[in-house]
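**Student:** One letter stands for each residue in the lines below.
Protein chains: 2
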Amino acid sequence: MKAEIIAIGSELLTPYRLDTNSLFLTDELNQLGIRVVYKNVVGDSLDDMRTCFGIAVLRADLIVASGGLGPTDDDRTRDAVAEVLSRKLQLNEEVLHKIKERFRRYNRSMPEINARQAMVPQGAAILPNSRGTAPGLWLEHDGHIVVLLPGVPIELQSIFETEVKPRLARLNHDERLFTRDLRITGLPESEVEQRVRPLYELYPDTETTILAAPTGIQLHPRIWSRDTAKAEKLLDEIVDRMALALGENLFSTHGETLEEVVARVLMENHATIAVAESCTGGMLAERLTNVAGSSNYFLGGVVCYSNELKTAFVDVPAAIIESKGAVSSEVALALASGIRRRTGATIGVGITGIAGPTGGTPEKPVGLVHIAIADERGSREHAIRFPGDRERIRLYATQSALDMVRRYFLYPAVGRG
Amino acid sequence: MKAEIIAIGSELLTPYRLDTNSLFLTDELNQLGIRVVYKNVVGDSLDDMRTCFGIAVLRADLIVASGGLGPTDDDRTRDAVAEVLSRKLQLNEEVLHKIKERFRRYNRSMPEINARQAMVPQGAAILPNSRGTAPGLWLEHDGHIVVLLPGVPIELQSIFETEVKPRLARLNHDERLFTRDLRITGLPESEVEQRVRPLYELYPDTETTILAAPTGIQLHPRIWSRDTAKAEKLLDEIVDRMALALGENLFSTHGETLEEVVARVLMENHATIAVAESCTGGMLAERLTNVAGSSNYFLGGVVCYSNELKTAFVDVPAAIIESKGAVSSEVALALASGIRRRTGATIGVGITGIAGPTGGTPEKPVGLVHIAIADERGSREHAIRFPGDRERIRLYATQSALDMVRRYFLYPAVGRG
Numbered sequence: 239m240k241a242e243i244i245a246i247g248s249e250l251l252t253p254y255r256l257d258t259n260s261l262f263l264t265d266e267l268n269q270l271g272i273r274v275v276y277k278n279v280v281g282d283s284l285d286d287m288r289t290c291f292g293i294a295v296l297r298a299d300l301i302v303a304s305g306g307l308g309p310t311d312d313d314r315t316r317d318a319v320a321e322v323l324s325r326k327l328q329l330n331e332e333v334l335h336k337i338k339e340r341f342r343r344y345n346r347s348m349p350e351i352n353a354r355q356a357m358v359p360q361g362a363a364i365l366p367n368s369r370g371t372a373p374g375l376w377l378e379h380d381g382h383i384v385v386l387l388p389g390v391p392i393e394l395q396s397i398f399e400t401e402v403k404p405r406l407a408r409l410n411h412d413e414r415l416f417t418r419d420l421r422i423t424g425l426p427e428s429e430v431e432q433r434v435r436p437l438y439e440l441y442p443d444t445e446t447t448i449l450a451a452p453t454g455i456q457l458h459p460r461i462w463s464r465d466t467a468k469a470e471k472l473l474d475e476i477v478d479r480m481a482l483a484l485g486e487n488l489f490s491t492h493g494e495t496l497e498e499v500v501a502r503v504l505m506e507n508h509a510t511i512a513v514a515e516s517c518t519g520g521m522l523a524e525r526l527t528n529v530a531g532s533s534n535y536f537l538g539g540v541v542c543y544s545n546e547l548k549t550a551f552v553d554v555p556a557a558i559i560e561s562k563g564a565v566s567s568e569v570a571l572a573l574a575s576g577i578r579r580r581t582g583a584t585i586g587v588g589i590t591g592i593a594g595p596t597g598g599t600p601e602k603p604v605g606l607v608h609i610a611i612a613d614e615r616g617s618r619e620h621a622i623r624f625p626g627d628r629e630r631i632r633l634y635a636t637q638s639a640l641d642m643v644r645r646y647f648l649y650p651a652v653g654r655g
Numbered sequence: 239m240k241a242e243i244i245a246i247g248s249e250l251l252t253p254y255r256l257d258t259n260s261l262f263l264t265d266e267l268n269q270l271g272i273r274v275v276y277k278n279v280v281g282d283s284l285d286d287m288r289t290c291f292g293i294a295v296l297r298a299d300l301i302v303a304s305g306g307l308g309p310t311d312d313d314r315t316r317d318a319v320a321e322v323l324s325r326k327l328q329l330n331e332e333v334l335h336k337i338k339e340r341f342r343r344y345n346r347s348m349p350e351i352n353a354r355q356a357m358v359p360q361g362a363a364i365l366p367n368s369r370g371t372a373p374g375l376w377l378e379h380d381g382h383i384v385v386l387l388p389g390v391p392i393e394l395q396s397i398f399e400t401e402v403k404p405r406l407a408r409l410n411h412d413e414r415l416f417t418r419d420l421r422i423t424g425l426p427e428s429e430v431e432q433r434v435r436p437l438y439e440l441y442p443d444t445e446t447t448i449l450a451a452p453t454g455i456q457l458h459p460r461i462w463s464r465d466t467a468k469a470e471k472l473l474d475e476i477v478d479r480m481a482l483a484l485g486e487n488l489f490s491t492h493g494e495t496l497e498e499v500v501a502r503v504l505m506e507n508h509a510t511i512a513v514a515e516s517c518t519g520g521m522l523a524e525r526l527t528n529v530a531g532s533s534n535y536f537l538g539g540v541v542c543y544s545n546e547l548k549t550a551f552v553d554v555p556a557a558i559i560e561s562k563g564a565v566s567s568e569v570a571l572a573l574a575s576g577i578r579r580r581t582g583a584t585i586g587v588g589i590t591g592i593a594g595p596t597g598g599t600p601e602k603p604v605g606l607v608h609i610a611i612a613d614e615r616g617s618r619e620h621a622i623r624f625p626g627d628r629e630r631i632r633l634y635a636t637q638s639a640l641d642m643v644r645r646y647f648l649y650p651a652v653g654r655g
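So the sequence lines, in the order shown, correspond to chains A and B. Each residue of the first sequence is one higher than the last, beginning at 239 in our numbering. Each residue of the second sequence is one higher than the last, beginning at 239 in our numbering.
Next comes chain A alone, as it looks inside the complex (with noise of 0.2 Å):
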């Protein structure tokens, strides 16, 4: 079965935003076992609506559009959708009644606009809206189907789950998608590309989706098959030829972000962490602490901007920043031993550098960044530079900062100091 997808709303064709409902829909029609074949945004235009609906039912098997669906002029998707599948616009009453009902729940009596969203064209099959005052529609035409839906995100995903779901399972599709999720740091997406391209060859069923980004590298290797055992035993296998190419960058099997997996490994080992930021500005603490139950392992940290406070508050020796500078390997390794020993943290981890854009020398170049980790037998230190504008230097400072502490307790042969 293949779907396309139609995204309707001027707004959708402006530099400022993007259709993210085709995510959502996409995962979970991949789910069902249908493949999205195209995706569209059109605009308002009652004529461009028309031409993208005409062509989508000659070559889909399935379309399901968002938005549109509004009260006012502009929501024009059920008059085009009309039109296309030569359908009369009726009012139905019931639809009618409960967006009244609606309003009055909010003491309110519903604008007379509103009516227009109880339009339904003939034979169209109402799917209840609880989240807001337009129902969704199911046509079937020639063999087609046609689902719209609101554009809102939380509407159209509610609609989904309980209506648009049970019907297509229903229809009992041969085939579904089987999916893994892997995380890999510390490499280039080319590196990574590298090691895993010879699994390609090996199992030319399977597609893989490499996606890069400053925390961290995804790969989504995934099977379309009619065999649940026997696609899961093949995605492990792959999986597992992955990790042997991927060594220790490999930190998730199945999606999780680096700092879940700091926070599982710190509450595994009953450590906890203290962190002494300068050029990251907290970054590193804000990742430690999104992660929910954090007061589990994370007791607090300091941004220590000036040079005066990273004195005041971690004891980095005055002398120390005056002979090597801030942005040294010296004084990240008194930031995590000072913010270790006021803390009572099991580890400490500090961190200075130049996120820039100025500030940099010819010695101490813009991304350079010192990250240094301590315990109760002392510290290390990486220095390491970065590539790329002030907020990516932040991010893969911290990034490296959260993997060296993976690392710590994963690897302590190579990782302790």
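Possibly wrong hints are sitting among the right ones.
One copy or two, either will do: identical chains are not told apart, so a pair holds if it fits within one copy or between any two.
[What the hints assert, rightly or not] Below, computed lysine to aspartate or glutamate pairings styled on EDC-like, alpha-carbon distance capped at 20 Å:
1) Lys602 x Glu568
2) Lys602 x Glu629
3) Lys240 x Asp286
4) Lys240 x Asp380
5) Lys403 x Asp299
Simulated from the structure, these hints should not be mistaken for lab results.
Guided by the hints, dock chain B onto chain A, whose structure is given.
**Tutor:** Below, chain B without anything else, positioned relative to chain A:
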């Protein structure tokens, strides 16, 4: 002139990836006076691509396609377009030479498959690619223009800037797009919409896009016009009226982030800031320091998750924590004045709250956040309950704190304690 954008690549039909090139292309095209009417995503299938291009040449004046120009078997854009426009594909010796040169520069010889990238549909103009191997292509056909660009954003953008833009500019479009970028905080999207809606009728030739995010609401009024002076004057007038309708909640009329506005306001007042955060875990410091030059006003901060550190780092009296609880007005005020005293900053900000998902009680539910600001004369505090999940509550809390700082300086009669 009507444009259609086609993004090519099977990875863009997965749940993991959106076509973001179209935002750049739309922005550039709009500035050249070209409206984008359709956007499409299609996979690597030759059949599907043929359908897509076949339809596009019937309905758009300009087609800009991205992707599918690589060297592998999956890269079929050249084939599809050659077929649809009934052109032969021919090896272009000059392109081949350039590709070989590029490999030579990196001391490698060209793999045989890359010769594919030198195949060019008859009559196409070559758009040199200084960032990669695949050149862009420009074709004209029955009054329609087809532009093919590589999918790698940096290559696409550089070819567009140097090759496509000047060619399109020469076509002398009569209309251009004029736009503004207003930023609002502290009001829900529906309230912003309601306040500016009366202007839509006053200015029927203006389209306005509204875009909501936890970091502020964006309003983009847009006018297509032949007359620069008239359009700019009209936009100035609209912005003035919107400013009146939005009052203090409008924080920028030209697309600044809230942290940039706060940075400017702090520097204009020769003021410095320091922060003590609990539930936001470093996010407030991170946002204050993601502006270049933040060391001019940001002294430092502490993230004191545990009660002990609230006392150790910023002198919050243990007795207050015990009697009022860590999440209380009193602790927020003590955090703000404590960090101010410890750092010598002009103002101190304190945040304490419950980001969830657990830890809420009937009296202190998840989402409750206390934010305090202290200066040399005293301090003031707000308690707000934010909706949403952990991430959203933390974002809203930092947004609210930044806005308190902005108001403190801009509206001192209201904002100061």
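**Student:** In ascending order, which of the hints set out earlier in this document are inconsistent with the structure?
**Tutor:** The structure conflicts with no hint, since it agrees with every one listed earlier.
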